[in-house]
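Chains A and B are the protein sequences, given in the same order.
In terms of the working numbering, the first sequence opens at residue 5 and continues consecutively.
In terms of the working numbering, the second sequence opens at residue 2 and continues consecutively.
For the record, the hints were derived by calculation from the structure and aren't laboratory data.
Just to be clear, a hint being listed does not mean it is correct.
Claimed, not checked - In silico DSS-like pairs for lysine-lysine, Cα to Cα no more than 30 Å straight-line:
| # | chain 1 | residue 1 | chain 2 | residue 2 |
| --- | --- | --- | --- | --- |
| 1 | B | Lys235 | A | Lys95 |
| 2 | B | Lys91 | B | Lys218 |
| 3 | B | Lys91 | B | Lys121 |
| 4 | B | Lys224 | A | Lys10 |
| 5 | B | Lys133 | B | Lys112 |
| 6 | B | Lys464 | A | Lys95 |
| 7 | A | Lys95 | B | Lys189 |
| 8 | B | Lys218 | B | Lys189 |
| 9 | B | Lys235 | B | Lys112 |
| 10 | B | Lys112 | B | Lys82 |
| 11 | B | Lys82 | A | Lys44 |
| 12 | B | Lys380 | B | Lys413 |
| 13 | B | Lys413 | B | Lys448 |
| 14 | B | Lys91 | A | Lys10 |
| 15 | A | Lys95 | B | Lys82 |
| 16 | A | Lys10 | B | Lys189 |
| 17 | B | Lys258 | B | Lys133 |
| 18 | B | Lys82 | A | Lys6 |
| 19 | B | Lys258 | A | Lys95 |
| 20 | B | Lys218 | A | Lys95 |
| 21 | B | Lys477 | B | Lys404 |
| 22 | B | Lys218 | B | Lys112 |
| 23 | B | Lys480 | B | Lys393 |
| 24 | B | Lys345 | B | Lys477 |
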Amino acid sequence: MKISRKEVEHVAALARLAFSPEEVELFTRQFNDILDYINKLNEIDLEDVEPTSHVQPLHTVLREDEAVPGDSALLEAVLREAPETENGFFKVPPVID
Amino acid sequence: MPAAYEVIIGLEVHVELHTTSKMFCACPNRFGAEPNTNTCPVCLGLPGSLPVFNKNALELALRAALALNCRVNRYSRFARKNYFYPDLPKAYQISQYEFPLAAHGQLAVYKNRELLRNVKIERLHLEEDAGKLLHDEGQAYSYVDYNRCGVPLVEIVTGPDLRSPEEARIFLETLRRTLLYTRISDCKMEEGSLRCDANISLRPWGSETLGQKVEIKNMNSFKAVQRGLEYEVKRQAEILDRGGRINQETRRWHEDKGMTDEMRSKEGEQDYRYFPEPDLPPVIVEDSLLTRIGTELPELPLPRYRRLLAEYGLTPYQAEIITGDRDLADFYEETVRIYYEPQKAANWLLGDVLKLFKQFPGAIKQSPFTPLHLAQLLKLVDGEQISGRTAKEVLEESFNSGKMPELIVREKSLGQISESHELEKVVDTVLRENGAAVRDYREGHKKAVTFLMGSVMKATGGKANPQLVIALLEEKLAKIGE
């Protein structure tokens, strides 16, 4: 499987990243290098091996349903970091669907 | 003229789970708080914060899955759905993808007590809600409130099984009723705790393949679901009639304008770049948990409806209304348990009592008027201690004050006069004062007795036992005639 420049550009657009033609060239090569490396796995018989999604042998880690009120000092700090706020709301450019 | 196209509708329903805290953090899950006050590093997507799954959210979702006859997957896991939108500070939503919590369910939908269809539930999965965006048309900004961000949701996806906008609405009402029985959510469409998107397509009758589907959003009431889809059927039929093609798109329903318009071209599914959520380990549902949730599941509306028919001899109409609301059904059965007169209890409950419940601002369960009150009231009527008319007064008073009916009757001395010597005095007076009516009666105008009866009732403030009054009047009138 080969990754094309077009695919790199598509993924970059989805991630809202803008690259120069040289960068696209570089990442296309690097994507393919990574895939080539991973493709080594195809040399082994993996018929009976489940794909791994999580490396740690943990499952069903749950917390009790108990609420802790929001921290107003933290909220103030977060709102201070935002480019614009108003009456406790974050203010963003108008969202047009 | 028969419609030219078959309508195919599938629904995606989001239901907020009624937990105390959010899905992956301890922030309160509460509607209507000051903006952004129920937030923390996890739901604000601050770097370094990590999600931990809420046990109650899992249990409520399992309850929903069982109520919808789903097969629960013993292994499920979370996935990241990546997209940029200001309502989602992490730029991904934690959802489920290839391994949903449950699948292969079904829900029977009835119209006028006739089975309309068994609607397939394709999947039921867990995901977190996004924040809320507020924007007024023409404003230079949108305002973001993250209180809802991270609230636990189940998404319920039906098969493309629904065949008309009306059916879609009835399905949604049935789903809501079922979920309300399980108490996993308050299911309020107007507050957004129950939300519904629809996929709709048309195809020529007899066609095996599905037509191009369009997604409809922003239908914020049951009525809007039906109206929005009706509009869309018409719109798509007109395009197909003139040989046009339906675009794959997402459209927004405008309740005020009564129309849909295009929202945005729908991104292809792969563009969400789903991948397993690395911060949350998989979820394994043990037998013991599933068994416990199963035993805790209440009797659902349909089996309860059937049981009420069989057990109490209710009419289908009565049973349908009573089981339409779990609280009402509980109230009914508790009343009948105390006082076994199923028909009388149903008549009173569905008549005067229901009228009062409808005016009551809270839930039936919170009303100061309990099954004990109703049972006692019915016993008073049955024992002829109060008349039917007085009973209505006592009911209202009892409803407003929470006082027991017996106490009200005693305090206000509303008791029905069933002592014949007491009534006899009243009857004698009435006969004496209404010589004309007595004469009419004796001349064969038997209707005059109704007038005399009314006079007795008036004289006793409605408290006289009517049967006794009639008996006394007839006895005395007969004697006068001798």
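So, going through the hints one by one against the coordinates:
For the given pair, Lys235 (chain B) sits about 39 Å from Lys95 (chain A) by alpha-carbon distance, which is inconsistent with the 30 Å threshold. Distance check on the hinted pair: Lys91 (chain B) and Lys218 (chain B) sit about 23 Å apart at the alpha-carbon level, within 30 Å; holds. Our distance criterion of 30 Å between C-alpha atoms is broken by Lys91 (chain B) and Lys121 (chain B), whose separation comes to about 33 Å. Our distance criterion of 30 Å between C-alpha atoms is broken by Lys224 (chain B) and Lys10 (chain A), whose separation comes to about 46 Å.
Annotation: proposed proximity of Lys133 (chain B) to Lys112 (chain B) is violated, straight-line Cα distance about 35 Å (limit 30 Å). Restraint check for Lys464 (chain B) and Lys95 (chain A): not satisfied, since their Cα atoms lie roughly 68 Å apart, outside the 30 Å limit. As the CA atoms of Lys95 (chain A) and Lys189 (chain B) are separated by approximately 28 Å, the hinted pair is consistent with the 30 Å bound. Restraint check for Lys218 (chain B) and Lys189 (chain B): satisfied, since their Cα atoms lie roughly 17 Å apart, inside the 30 Å limit.
Taking the CA atoms of Lys235 (chain B) and Lys112 (chain B), the gap is about 23 Å. The hint holds against a cut of 30 Å. Note on Lys112 (chain B) and Lys82 (chain B): the hinted pairing is violated, with a Cα-Cα distance of about 38 Å set against a maximum of 30 Å. Pair hint Lys82 (chain B) plus Lys44 (chain A) holds up; C-alpha atoms about 28 Å apart against a cutoff of 30 Å. The straight-line distance between the Cα atoms of Lys380 (chain B) and Lys413 (chain B) is roughly 18 Å, inside the 30 Å bound, and the hint therefore holds.
Restraint check for Lys413 (chain B) and Lys448 (chain B): not satisfied, since their Cα atoms lie roughly 33 Å apart, outside the 30 Å limit. With a CA separation close to 26 Å, the supplied pair Lys91 (chain B) and Lys10 (chain A) stays within the 30 Å bound. Straight-line distance between C-alpha atoms of Lys95 (chain A) and Lys82 (chain B) comes to about 24 Å, which keeps the hinted pair within the 30 Å bound. Among the hinted pairs, Lys10 (chain A) with Lys189 (chain B) is inconsistent with the structure: their alpha-carbon atoms are about 46 Å apart, more than 30 Å.
A C-alpha spacing of about 23 Å is found between Lys258 (chain B) and Lys133 (chain B), which places the hinted pair at or below 30 Å, so the restraint holds. Using a Cα cut-off of 30 Å, the hinted pair Lys82 (chain B) and Lys6 (chain A) holds, with the two alpha carbons roughly 25 Å apart. With a CA separation close to 28 Å, the supplied pair Lys258 (chain B) and Lys95 (chain A) stays within the 30 Å bound. For the hint pairing Lys218 (chain B) with Lys95 (chain A), the CA-to-CA distance comes to about 24 Å; that is within 30 Å, so the pair holds.
Simply put, Lys477 (chain B) and Lys404 (chain B) have alpha-carbon atoms about 40 Å apart, too far for the 30 Å limit, and the pair is violated. Distance hint between Lys218 (chain B) and Lys112 (chain B) is fulfilled; the C-alpha atoms sit about 25 Å from each other, no more than 30 Å. Between Lys480 (chain B) and Lys393 (chain B) the alpha-carbon distance is near 36 Å, which puts this suggested pair outside the 30 Å criterion. Note on Lys345 (chain B) and Lys477 (chain B): the hinted pairing is violated, with a Cα-Cα distance of about 34 Å set against a maximum of 30 Å.
Hint compliance for this structure: hints 1, 3, 4, 5, 6, 10, 13, 16, 21, 23, 24 are not met, and every other hint is.
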